[in-house]
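Colleague: Given chain A, work out where chain B should sit, using these hints.
2 protein chains.
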Amino acid sequence: MLLLEYGEDCIVVDCGLAFPDEEQLGIDLVLPDISYLRGRSHQIRGIFISHGHEDHIGALPYLLPDLLPAPIFATRLTLGLIAVKLEGARLLDKADLRAFDPDRHPVLAAGAFAVEPFRVTHSIPDAVGFGIQTPAGRIVLTGDFKFDDTSIDGRMTDYARLQRFGDEGVRLLLSDCVHVESEGHTPSERVVGETYDRVFAEAGGRIFIATFASLIARIQQVIDIAHRHGRSVAVLGRSLVNNVRISQELGYLSDPHGVLVEAGAAASFPDERIVYVVTGAQGEPMAALSRIANGDHRDVTVGVGDTVIVSAAPIPGNETAVFRVINKLFQAGAEVIFGARDLVHVSGHASRDELRRMLDLTRPCHVIPMHGEHRHMALYADVAIEAGIPADEITFAENGDLIEMTSEKVAVTARVDSGYVYVDGMTVGEVGDVVVRDRRALARDGMLLVVVSVDRETGQIVAGPEIVTRGFVHIKESAALLTATKAHVRETLGDYADSYPTADRDSLSRQLREATAAFLFKETRRRPMILPMVLEV
Amino acid sequence: MLLLEYGEDCIVVDCGLAFPDEEQLGIDLVLPDISYLRGRSHQIRGIFISHGHEDHIGALPYLLPDLLPAPIFATRLTLGLIAVKLEGARLLDKADLRAFDPDRHPVLAAGAFAVEPFRVTHSIPDAVGFGIQTPAGRIVLTGDFKFDDTSIDGRMTDYARLQRFGDEGVRLLLSDCVHVESEGHTPSERVVGETYDRVFAEAGGRIFIATFASLIARIQQVIDIAHRHGRSVAVLGRSLVNNVRISQELGYLSDPHGVLVEAGAAASFPDERIVYVVTGAQGEPMAALSRIANGDHRDVTVGVGDTVIVSAAPIPGNETAVFRVINKLFQAGAEVIFGARDLVHVSGHASRDELRRMLDLTRPCHVIPMHGEHRHMALYADVAIEAGIPADEITFAENGDLIEMTSEKVAVTARVDSGYVYVDGMTVGEVGDVVVRDRRALARDGMLLVVVSVDRETGQIVAGPEIVTRGFVHIKESAALLTATKAHVRETLGDYADSYPTADRDSLSRQLREATAAFLFKETRRRPMILPMVLEV
Chain A
1 MLLLEYGEDC
11 IVVDCGLAFP
21 DEEQLGIDLV
31 LPDISYLRGR
41 SHQIRGIFIS
51 HGHEDHIGAL
61 PYLLPDLLPA
71 PIFATRLTLG
81 LIAVKLEGAR
91 LLDKADLRAF
101 DPDRHPVLAA
111 GAFAVEPFRV
121 THSIPDAVGF
131 GIQTPAGRIV
141 LTGDFKFDDT
151 SIDGRMTDYA
161 RLQRFGDEGV
171 RLLLSDCVHV
181 ESEGHTPSER
191 VVGETYDRVF
201 AEAGGRIFIA
211 TFASLIARIQ
221 QVIDIAHRHG
231 RSVAVLGRSL
241 VNNVRISQEL
251 GYLSDPHGVL
261 VEAGAAASFP
271 DERIVYVVTG
281 AQGEPMAALS
291 RIANGDHRDV
301 TVGVGDTVIV
311 SAAPIPGNET
321 AVFRVINKLF
331 QAGAEVIFGA
341 RDLVHVSGHA
351 SRDELRRMLD
361 LTRPCHVIPM
371 HGEHRHMALY
381 ADVAIEAGIP
391 ADEITFAENG
401 DLIEMTSEKV
411 AVTARVDSGY
421 VYVDGMTVGE
431 VGDVVVRDRR
441 ALARDGMLLV
451 VVSVDRETGQ
461 IVAGPEIVTR
471 GFVHIKESAA
481 LLTATKAHVR
491 ETLGDYADSY
501 PTADRDSLSR
511 QLREATAAFL
521 FKETRRRPMI
531 LPMVLEV
Chain B
1 MLLLEYGEDC
11 IVVDCGLAFP
21 DEEQLGIDLV
31 LPDISYLRGR
41 SHQIRGIFIS
51 HGHEDHIGAL
61 PYLLPDLLPA
71 PIFATRLTLG
81 LIAVKLEGAR
91 LLDKADLRAF
101 DPDRHPVLAA
111 GAFAVEPFRV
121 THSIPDAVGF
131 GIQTPAGRIV
141 LTGDFKFDDT
151 SIDGRMTDYA
161 RLQRFGDEGV
171 RLLLSDCVHV
181 ESEGHTPSER
191 VVGETYDRVF
201 AEAGGRIFIA
211 TFASLIARIQ
221 QVIDIAHRHG
231 RSVAVLGRSL
241 VNNVRISQEL
251 GYLSDPHGVL
261 VEAGAAASFP
271 DERIVYVVTG
281 AQGEPMAALS
291 RIANGDHRDV
301 TVGVGDTVIV
311 SAAPIPGNET
321 AVFRVINKLF
331 QAGAEVIFGA
341 RDLVHVSGHA
351 SRDELRRMLD
361 LTRPCHVIPM
371 HGEHRHMALY
381 ADVAIEAGIP
391 ADEITFAENG
401 DLIEMTSEKV
411 AVTARVDSGY
421 VYVDGMTVGE
431 VGDVVVRDRR
441 ALARDGMLLV
451 VVSVDRETGQ
461 IVAGPEIVTR
471 GFVHIKESAA
481 LLTATKAHVR
491 ETLGDYADSY
501 PTADRDSLSR
511 QLREATAAFL
521 FKETRRRPMI
531 LPMVLEV
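As you go down the protein sequences, you meet chains A and B in turn.
Under the numbering used here, the first sequence has 196 at position 196, and the numbering climbs by one with no breaks.
Under the numbering used here, the second sequence has 23 at position 23, and the numbering climbs by one with no breaks.
This is chain A alone, in the form it adopts within the complex (with noise of 0.2 angstroms):
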């Protein structure tokens, strides 16, 4: 999320979340923290939406009431997946839903600013870029792009628009950086339907293709080749049906000699005759590929003679888990095409050579690379100083960072209030840092309580020590280790707790924690999260 702002008026840039991490154990969505907004949103011009991908939409669901009145502007299926968004959130009646088609040349005014879009390539249709006019001058942010000159829908990166802001003079460019890491030009959609092709024609079995669900170029090859080897196709999982769905209502998605069938329909064609497109291609557990793999899928099966073609890179992290999968359907005797076997993905973003095509035509005095992590800032960085950005017109920005831009300079001149949001089942904003540094704990080496009853008025224990306790040790094989820390804690408390009732339950409390977690450690060498209860009868 990008916010501009010149005066009493701002605008947004995209509405996105992003999955969790790792560490961040339990939690479901992490949505930007939009606390800087708060109480201005009368402020707010215009939202303005690149393109429908989740780390650029998926936050508007439970950000929107904070950001109202203002509208959302974007292409035709940009906010035809925003709106079935809003609708599960109830939230599309409230919402100010406003299409543009950026082959009409639109300028959209937002107070002080004015919004040129511009189309991009990218692996969801209908993706733009913006060219923004301030007072301070001309921004040009790209939004996720490649430049792809075969592209399946023939929509290509809109280069004479790009000349003309570059002739115009642009004054900051905010460019995607993300795969800066690969060499030369990002190769074309259209060397995946090769493959494709090739797979086809020697497959004797069914085949199973698995991809993002919002890849529609890709479906798109899959309807194409599979009518030319006489297959049909049939869809599974929930996000690939939808997007289908709205695709082709909206006309993104053309299937001309009617080979999409119902998947219930599938099942009764010949093995040789039918195309699976599935969800899963990132090892999801619970989506198509997962539960066909591990064969607990209602309709669907694998085994011996069907093909598989896992059509996407694992993205960083996630490399286990497709790993898993892609091991199963081997198990299962599928053949398994993939990325280290051949070329069956490309990425929807630009490479070095495209960044710096991007560079040279729009001429920027100044750019900060966006949404990459450090290395792909510094690599960046590496790519706009050859193409004769001097070093201190490139800025690196992390979240949070408040940027001023003026004719003379653009530079980092504050942080605001920022981070991070978790989404845990129905709460936002609930399950804090806090909470999930207790479930690293809780994972680690698990819990131990140990609970006493106490006599308020003699401070006579008069029941316990009793122990509860979860991921630690094995109860059953490990009573004699909880029936000695019983003992231990009941000793070193004495019949009476000393300093009860004289002092208050928090020193008796301090008191088990600390004589049963010294107890546990001498006897396992490890630390489990000692929680000690007091009970006043």
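Just so you know, these hints were derived from the structure itself, not from any lab.
It cannot be assumed that every hint is accurate.
Repeated chains share a single entry, so a pair holds when one copy, or any two copies, can fit it.
[Claimed, not checked] Heads up, simulated DSS-like pairs for lysine-lysine below, C-alpha to C-alpha not over 30 angstroms straight-line:
id: 1; residue 1: Lys85; residue 2: Lys522
id: 2; residue 1: Lys476; residue 2: Lys522
id: 3; residue 1: Lys522; residue 2: Lys94
id: 4; residue 1: Lys409; residue 2: Lys328
Modeller: Relative to chain A, chain B alone:
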């Protein structure tokens, strides 16, 4: 760990451990389960170790007591590394360590087996494979290997011996397969030195090189190249310091010009006169590289002008941790050279062409790919079939499979009790799958304990319900929820527990748990682990 049995004789090959995967929460190490061998250690004629990596020697300190009095056979360096481990476990005086030199072509008698070690190149010096003559024919076990014709120590995989085995007949080849996804031939270790040479020539400030502690050949290259560029070398990190010491003592690492210096002394060297070789290339949070990147290493800092070479490929599952460290180093202003930028690491394992060459040299009747995941085995089978091995002479085996080899056939005929034993703190085998499953549940939604004290005569609730929760909600910010939960539980139970004392404490516990769980799920859509406790007073 591989076990070969004939009649009353058996031999063990390798005795390694695994590191826990991301689902084995809080576990330190994973050992093989050797219950199949229990009570039969007197039948073990020898433990043959192929090389000194953790996944081949790491379980010895834990399992050796159950394998004694069997002697351990290994090369000198491997035995040196084993001795350090056994000393730490106070087992050194009990162990029977027997060194062999593969260049002298020993044939080691071990009951029904005659074991001929042969030299292989791998990413640790002094690695071997084994030709094992058995009454049912010869087995060749490649160990972890590559073919490197320009290896740093001048010692190469023993083509001649492999060729001789092939000429004499190989009944079964057990082959490394983990790098089969790589086409062609794994580059020589020497190319990494070429990169170092280039980087050293350009670097102005300090140079840090992070690599595997056992990659002695690489450390040798650093020493040689540092000398050419007028730099001294200091080693940081316990495992590196130990391995460098042992390798020097045993003559596997040479420092003819005395460039190695103590880490303490290095601090006083000018920046352009020092190279640090450091641990932590896998992003391990407590290792030297992470500490340096985080700015909390005791002796060394990193900053603008310094160059860091991360000379390793992330082991699958470690990507996020590795990139986190790389990002931090860039943030600190260092120039970071890693896999995406230059050739800074080569594998120690054979690529497809080398696996093929091994097959061509040994010409086995039957092959079993070893150590790989199922996808590696499947891709290895492609290579074997290309090499002329019939598909039904390729067996995929898993941990616990019992394979029968006769002069007619090789096949999996049964499974034995096997699996994993977890090491957690001082305890070996006490933390099992149940405990780990509890840790996963605790990590997902936390826990909530609800306690009541009950009069054992009347069944009246005399104290509580009290609640203790961790990892579920922020306790201070969720006071209202916890108060409401207590009230709800109290109301549900009534003043007197219905079934109490006629029924048992268990049924009251169950009521407590169910009432609490239902209320919390309704309020939050989450399912923390509910632990009920009834204290009788």
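Colleague: Take the hints in turn and mark each one as holding or not.
Modeller: Here's how the hints hold up against the structure:
In this assembly of identical chains, the alpha carbons of Lys85 and Lys522 lie at most 30 angstroms apart only when taken from different copies (23 angstroms versus 53 angstroms within one copy). For a Cα distance limit of 30 angstroms, the shortest separation of Lys476 from Lys522 inside one copy, 20 angstroms, qualifies, whereas the shortest one across copies, 33 angstroms, does not. For the homomeric pair Lys522 and Lys94, the shortest alpha-carbon distance between copies (27 angstroms) is at most 30 angstroms, but the shortest distance inside one copy (61 angstroms) is not. Only between protomers do Lys409 and Lys328 lie at most 30 angstroms apart by alpha-carbon distance; the minimum there is 27 angstroms, versus 56 angstroms within a single protomer.
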